[in-house]
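K.L.:
Next come the chains, spelled out residue by residue.
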Amino acid sequence: MKKMLTKKSYAFGWHYPEKNSAKTSAGLSEEVVKKISTLKKEPAWMRAFRLQGYQKFLAKKMPTWGGDLSRLNFQNIHYFVRPESAPSKNWQDVSPDIKKTFDRLGIPEAEKKFLAGVGAQYDSETVYHNLSAELKKLGVIYASMDEAVQKYPGLVKKYFGTLIPALDNKFAALNSAVWSGGSFVYVPKGVKVERPLQAYFRINAARMGQFERTLIIIEDEAEAHYIEGCTAPTYSENSLHAAVVEVFVGKNARFRYTTIQNWSDNVFNLVTKRARVETGGSMSWVDGNLGSCLTMKYPSCYLMGRGAHGETLSLAWAGHNQHQDTGAKMIHVAPQTTSQIVAKSVSSDTGRTSYRGLVQIDKSADGARARVQCDALLLGAKAKSDTYPTNIKKNATAIIEHEASVSQLDEKRLAYLQSRGLSESRARSLMVQSFFDPIIRHLPMEYALELKELINLEMEGSVG
Amino acid sequence: MKKDEQIIFKPMRAKRTGVALLLKNFSVKAKNKILVNKINLRLLPGQVHFLVGPNGAGKSTLLQTLAQNNPDLKISQTQAKLFGQNFLALLPNKRVREGLWLAHQNPLDIPGLPLIVLARTAYEEIFGYKNTPKLLPFRAYLESLARGLNLNPEILSQPFNEKTSGGEKKKVELLFLQLFQPALALIDEIDSGLDIDSLKLVAQTVNLLKKQKAAILLVTHSFRLAHFLKPDRVHIMTAGQIVQNGPATILKKLEKTGFKKL
Chain A
2 MKKMLTKKSY
12 AFGWHYPEKN
22 SAKTSAGLSE
32 EVVKKISTLK
42 KEPAWMRAFR
52 LQGYQKFLAK
62 KMPTWGGDLS
72 RLNFQNIHYF
82 VRPESAPSKN
92 WQDVSPDIKK
102 TFDRLGIPEA
112 EKKFLAGVGA
122 QYDSETVYHN
132 LSAELKKLGV
142 IYASMDEAVQ
152 KYPGLVKKYF
162 GTLIPALDNK
172 FAALNSAVWS
182 GGSFVYVPKG
192 VKVERPLQAY
202 FRINAARMGQ
212 FERTLIIIED
222 EAEAHYIEGC
232 TAPTYSENSL
242 HAAVVEVFVG
252 KNARFRYTTI
262 QNWSDNVFNL
272 VTKRARVETG
282 GSMSWVDGNL
292 GSCLTMKYPS
302 CYLMGRGAHG
312 ETLSLAWAGH
322 NQHQDTGAKM
332 IHVAPQTTSQ
342 IVAKSVSSDT
352 GRTSYRGLVQ
362 IDKSADGARA
372 RVQCDALLLG
382 AKAKSDTYPT
392 NIKKNATAII
402 EHEASVSQLD
412 EKRLAYLQSR
422 GLSESRARSL
432 MVQSFFDPII
442 RHLPMEYALE
452 LKELINLEME
462 GSVG
Chain B
30 MKKDEQIIFK
40 PMRAKRTGVA
50 LLLKNFSVKA
60 KNKILVNKIN
70 LRLLPGQVHF
80 LVGPNGAGKS
90 TLLQTLAQNN
100 PDLKISQTQA
110 KLFGQNFLAL
120 LPNKRVREGL
130 WLAHQNPLDI
140 PGLPLIVLAR
150 TAYEEIFGYK
160 NTPKLLPFRA
170 YLESLARGLN
180 LNPEILSQPF
190 NEKTSGGEKK
200 KVELLFLQLF
210 QPALALIDEI
220 DSGLDIDSLK
230 LVAQTVNLLK
240 KQKAAILLVT
250 HSFRLAHFLK
260 PDRVHIMTAG
270 QIVQNGPATI
280 LKKLEKTGFK
290 KL
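Chains A and B, in that order, are what the protein sequence lines are.
Numbered according to my numbering, the first sequence terminates at residue 465, and the numbering increases by one at each position without gaps.
Numbered according to my numbering, the second sequence terminates at residue 291, and the numbering increases by one at each position without gaps.
Hints listed in this document are in silico derivations from the structure and should not be mistaken for laboratory results.
All of these numbers come straight from a predicted model, not from anything done at the bench.
Every residue gets a Cβ at the ideal spot worked out from N, C-alpha and C, and that includes glycine.
Accuracy of the hints is not assured; some may be wrong.
Short derived list, chain A residues pointing at chain B, Cβ under 8 Å [said to hold, decoys possible]: (1) W46; (2) S265; (3) K395; (4) N396; (5) A397; (6) G422; (7) S426; (8) L431.
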């Protein structure tokens, strides 16, 4: 993830002229859904899944809570764009324009140094994919979702849509109908993948919808870490990003899914992310939301097995005209399960952050413990923040702890920092960084450094 | 200290000649109360001046006003110069770049900000990116300074001043003095509550600065520090005014008679 500049001068607001070999016309209909399935040469069962999803999408109502979706026009969006390259295993084979895009974004040099496998998404198809030989030997699968449907139908059928069915919400239904791209990860029993797997998404075509679908299966006693980062160029009409991520964490397995999203401020970012955790398993969502005009995202964990653990570490920044409506859901079904939600948000300029969280402890969850900490930092008089926490405790031996705070930058500490030689904007930047520290410390180094640089630039721009 | 590190420290003292700090008829008022009343001070590079006096005399107010902006306070002076420059109109961080440094009496904690990040960011701001050593040598150097002050080097990675004792907070201020080696050091009661070994470390630090030709104005209202550090001049301040000044010997008299008889 290379240079992200200040939100005001969006560094990734460039795009290459579209050279698409297939693009559906604007708007959504059963024909569009069928065409997508045909273009992908899908088996009948997936085609049927899509059509059922489409029916559910038509039936489902828009959410009456959350952000303002009034400017979202479903008929004004192209639902599928296939770029000119066929998915490739070697970077040389990828088309030059697409290569240039990702070179500018700093992929895949990172792969050689640090990562086990890189998948890159450019307008609906996964154009580049690689997985180091050693992982292949261990039986680890890291493929595009499209590829997985063709190559591993048994596995896919077993899990796909079981954790997030189409009727879950309108945007899950939409994704079920028009999904394209996304990752499929399978880690066999007992295998521990040391280096992180990384994917990168980019929306290029105007009025493009991004509907990636990711399915991750971590078998018993396995371990892995998946990192995702997103950018998009700036357009005047609104774009839509409605992704679905389903994660299955087996017994005593450990998995972390890290995202930093920095979509341009014309994107609606509506994502459903859910993990199911078995006995002794541990799931961690690290969720960074910097961009988009509206994000609605609540990574959740269903703690199904005794002693399962789930956590969401959420970082959000809402700047000029942005609304980050984010949080998490932790559902305790089994006994002795534990969960943690740490949500840190900053709103600057006219930005608005909303924490929306659910902790639910079922009757069966003896001895469950849940902890929620949500802190909001307001920079400036026009910034806004609100919280919508819901805690449901149906078991008397369980404990839910909830702490919340709203603050502004402390003048005395700012003065101390300035007396150490720091300019006012630098002092403010360090204070914001230290506010985010509980989350930043869990980010991969390159992301942490980029985020700190972004904070510096934001603070420089706003002081004066 | 390695040779290349010595070169790096020069920018804060380069081209600093003449009187380090010159105050004439310097006054500080808060609403209706006069906190500092027409004081005169003249510090030359390489000099250590003690500012002593009872509680509430205005000593800390004076130091803080020289280093920071406080919109609630009104300042007036016939002259106020830092190395020949008018400096009171400068922002606090700009004053630091001109060589002025305040070692705080009550340093704050800053959760989530490791000491080393604060130190290195400040270093970069003051000396410039090109003059800042890479992270590992910088950390190694800070660790050696910490050990020299009997501070656990782990303090560098911990959030700034979190869970540190009063004595440790003061040692962190000493650490900064040793790291940045300012041309004019204003030291606000760094000796209160310190044991003998720590007082020796204060003396060591001040002598280090003195050797580099820094000017030091040190506020204290205990007499113990004088056993380890001999000032070039002592100013006695009560009720906002400097009532007496003279060589180090006046301290011995003062120790016997106390402040009330002035």
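K.L.:
Are the hints correct? Go through all of them and say.
P.N.:
To see whether the hints hold, each was checked on the structure:
1. At its closest, the beta carbon of W46 (chain A) sits 50 Å from a beta carbon of chain B; the interface hint therefore is violated under the 8 Å criterion.
2. Checking S265 (chain A) against chain B: minimum C-beta separation of about 29 Å lies over 8 Å; hint violated.
3. For K395 (chain A), the interface hint is violated, the least distance from its beta-carbon to any beta-carbon of chain B being 35 Å, above 8 Å.
4. The interface hint given for N396 (chain A) is broken, as the beta carbon of that residue sits about 34 Å from the closest beta carbon of chain B, more than 8 Å.
5. Hint on A397 (chain A) is violated. Least Cβ distance to chain B is approximately 35 Å, over the 8 Å limit.
6. About 4 Å separates the beta-carbon of G422 (chain A) from the nearest beta-carbon of chain B, less than 8 Å, and the hint is met.
7. The closest approach between the C-beta of S426 (chain A) and any C-beta of chain B is roughly 10 Å, which is over the 8 Å cut-off, so the hint fails.
8. Interface hint status for L431 (chain A): upheld, as the beta-carbon distance to the closest one in chain B is roughly 6 Å, under 8 Å.
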